Amino acid sequence: MKHFIYKGLLILAALTLSVSCKKALEEKNYTGITPESVFTTPEGFETLVNGAYAYQRWWYGKEEGYSVSEMGTDLWMSGAGDVYTDLTQYLNLQSSNTALTTEWQQLYAVINLCNTGINRIDGAGLAANVRPIREAELKFLRAFYYWHIVETWGGVHFSIEETKALITTANRTPVETFNKQIIDDLVFAVANLPVTTGDYGRVTKPAAQAFLARMYLTQKKYTEARDMALAVINGGYGFALLPNYADLWKMSNLKNKEVVYAVNYSTNLVLNDLVDKILNPLGHSRGSNNGHLLFAMKYDDQAGMTRDIANGRPFDRYMPTRYLLDLYSDDDSRYEGSFKTVWYANKAATGLKIGDTAIFTTKKVYAPAGKAYKIFDRNTVYNTDGTVKDQLHYVSLNKFDDPTRASANEAQSARDVFVIRFAELYLIAAEAEFNLGNSAQAATYLNVIRTRAAKANKVAEMQITASQVTLDFILDERAREFAGEQIRWFDLKRSGKLLERVKAHNPNVTGIQDFHTVRPIPRAQMDAVTNPEEFRQNPGYQ
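Positions 128 to 669 (our numbering) are the ones given, in order, by the sequence shown.
Derived by calculation from the structure, the hints in this document are not laboratory data. Model, not experiment: these values are computed from the prediction. Beta carbons are placed, not taken as given, at the ideal position from N, Cα and C, and that holds for glycine. Some clues are possibly wrong.
[What the hints assert, rightly or not] Distance windows between CB atoms, simulated:
(1) L293 with T637: 36 to 46 Å
(2) A292 with S164: 11 to 21 Å
(3) G564 with A255: 38 to 48 Å
(4) K582 with P666: 31 to 41 Å
(5) G564 with E588: 49 to 59 Å
(6) P666 with Y327: 38 to 48 Å
(7) N256 with R663: 42 to 52 Å
[Claimed, not checked] Derived pair list, reagent style PhoX-like, types lysine-lysine, alpha-carbon separation capped at 25 Å:
(8) K347 with K585
(9) K498 with K474
(10) K585 with K467
(11) K620 with K348
(12) K516 with K630
(13) K491 with K425
(14) K630 with K620
(15) K377 with K425
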């Protein structure tokens with residue numbers, strides 16, 4: 128298969144080793160460095176492992192990754208600036224989509240990098256106490272990346288061997304093969320990873336257990352999912368839910384006790400490879416976290432407001448469905464902990480002085496009489512059927528805001544991306560127990576999350592009983608907890624609820640069909656293979 132890589136292109140850098148990602152026919156070796164000269168030394172092998180981690184930055188905290196994993200669900204609609212409306216609305220979603228092409232290229236490049244490391248580790252000269260840890264890291268990462276591939280595209284190309292020579296054919300591999308390899312790799316990782324690490328961002332045993340619990344749930348192995356989730360919850364690892372949900376998102380508190388696994392970004396933005404023709408040939412995706420740009424409404428077109436660091440750079444890509452906003456009761460602190468509703472004047476204007484409320488957005492109907500500030504309420508933003516009336520102004524997700532950026536127009540953020548939070552373990556256990564017929568125990572785990580979410584003196588109002596537990600309730604709870612955190616599309620697919628819930632709760636999506644439970648294989652890949660009769664496009668796509 129043409130993996131869109133320069134085979135054997137190994138670039139040593141201060142922090143990462145990257146395999147570039149273009150068609151194999153464009154092979155180049157800019158440095159003359161070869162696997163044999165690099166991976167036979169411990170120092171060289173470390174660059175491979177570091178490079179395998181770095182590829183997570185192509186998905187997490189990136190517009191392409193958000194568009195694939197959050198959009199086209201029950202939670203989000205297109206803002207005026209949405210550039211991937213085909214993913215958001217399933218209108219003419221085809222193999223030419225550039226977000227999918229980018230992710231395909233990078234995911235297969237890093238799979239080959241992981242395979243290379245796993246297959247060559249015996250000759251790397253690693254110390255006896257280091258070798259099993261590095262192999263476990265690479266197997267965790269291979270499982271992690273293969274999950275993204277198989278859930279996104281289904282049973283596509285699969286290999287656990289290093290690509291050493293030009294391959295022009297691709298195989299169609301059953302989903303079950305992917306799933307078995309994912310479990311096997313994660314079991315190995317759990318058995319060989321350390322409990323803690325002094326190098327933040329490296330995977331640990333509890334992180335591998337948490338991801339394995341997610342994978343068991345995905346594969347409907349509910350007893351195993353519950354038990355593995357509880358192994359993390361009760362494992363004495365020191366994880367805990369933060370008392371205040373909003374505190375999760377403070378830039379000063381990113382390394383907190385609720386983070387089980389994160390993709391870390393450097394505060395030295397140069398090290399995030401924003402522009403580098405060798406390390407980052409696509410020129411835009413590997414830079415820092417840009418989640419802070421994507422969910423911000425247009426605020427700097429209103430009286431009393433000019434763009435500034437505190438309010439962010441509004442790309443206006445995604446806006447919440449009315450359904451998402453209505454999921455939060457008035458007793459739930461996660462609404463205020465997730466969304467921005469008030470903008471304060473940062474310049475003088477008629478009837479406004481600096482510091483006055485300039486804009487107020489609300490999911491409720493709000494009478495504007497006698498107010499000097501601009502109001503965007505429920506009826507201003509949404510039509511009566513929930514479709515969008517105003518794509519520019521709305522309640523905005525602000526989990527990913529970064530007021531520490533150097534300037535108002537700075538697009539990069541050093542914010543880490545939380546891939547697995549401790550809260551997810553309780554929700555995995557709850558969903559597993561529900562599917563095992565234990566609704567009372569499921570309610571117990573859900574109530575742990577809802578207790579933390581409750582506003583002061585509202586814990587009792589937030590508790591639920593066994594009779595209230597349904598799969599839809601669990602999905603609603605996951606929406607309240609994880610809105611925007613690059614997991615929603617996978618949640619809906621896993622539960623078999625993607626089409627049902629999108630049709631029921633996202634009236635701006637009119638094009639979704641049965642075949643949309645997998646994405647189209649990129650056209651560039653289909654054009655590159657020499658066995659198109661065997662390696663066919665996913666049904667429904669061109």
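Cross-check of the supplied hints:
Distance hint check for L293 and T637: the Cβ-Cβ separation is about 44 Å, which falls inside the suggested range of 36 to 46 Å. Our hint of 11 to 21 Å for A292 and S164 holds, since their Cβ atoms are close to 18 Å apart. Checked against the hint of 38 to 48 Å, the pair G564 and A255 passes, with Cβ atoms roughly 47 Å apart. For K582 and P666, the hinted distance range of 31 to 41 Å is not satisfied, since their beta carbons lie about 47 Å from each other.
The beta-carbon spacing between G564 and E588, approximately 28 Å, falls outside the hinted interval of 49 to 59 Å. The hinted window of 38 to 48 Å between P666 and Y327 holds, with their beta carbons roughly 43 Å apart. At roughly 47 Å, the beta carbons of N256 and R663 sit within the given window of 42 to 52 Å. Proposed proximity of K347 and K585 is contradicted: the alpha carbons are some 34 Å apart, above 25 Å.
In summary, the hint linking K498 to K474 is supported, as the alpha carbons are separated by about 18 Å, within the 25 Å threshold. Using a Cα cut-off of 25 Å, the hinted pair K585 and K467 holds, with the two alpha carbons roughly 22 Å apart. With a C-alpha separation of about 16 Å, the suggested pairing of K620 with K348 holds against the 25 Å cut-off. Restraint check for K516 and K630: satisfied, since their Cα atoms lie roughly 19 Å apart, inside the 25 Å limit.
For the hint linking K491 to K425, the alpha-carbon distance of about 20 Å falls within 25 Å, and the restraint holds. Taking the CA atoms of K630 and K620, the gap is near 14 Å; set against the 25 Å cutoff, the hint holds. About 22 Å separates the Cα atoms of K377 and K425, which keeps this hinted pair within 25 Å; it holds.
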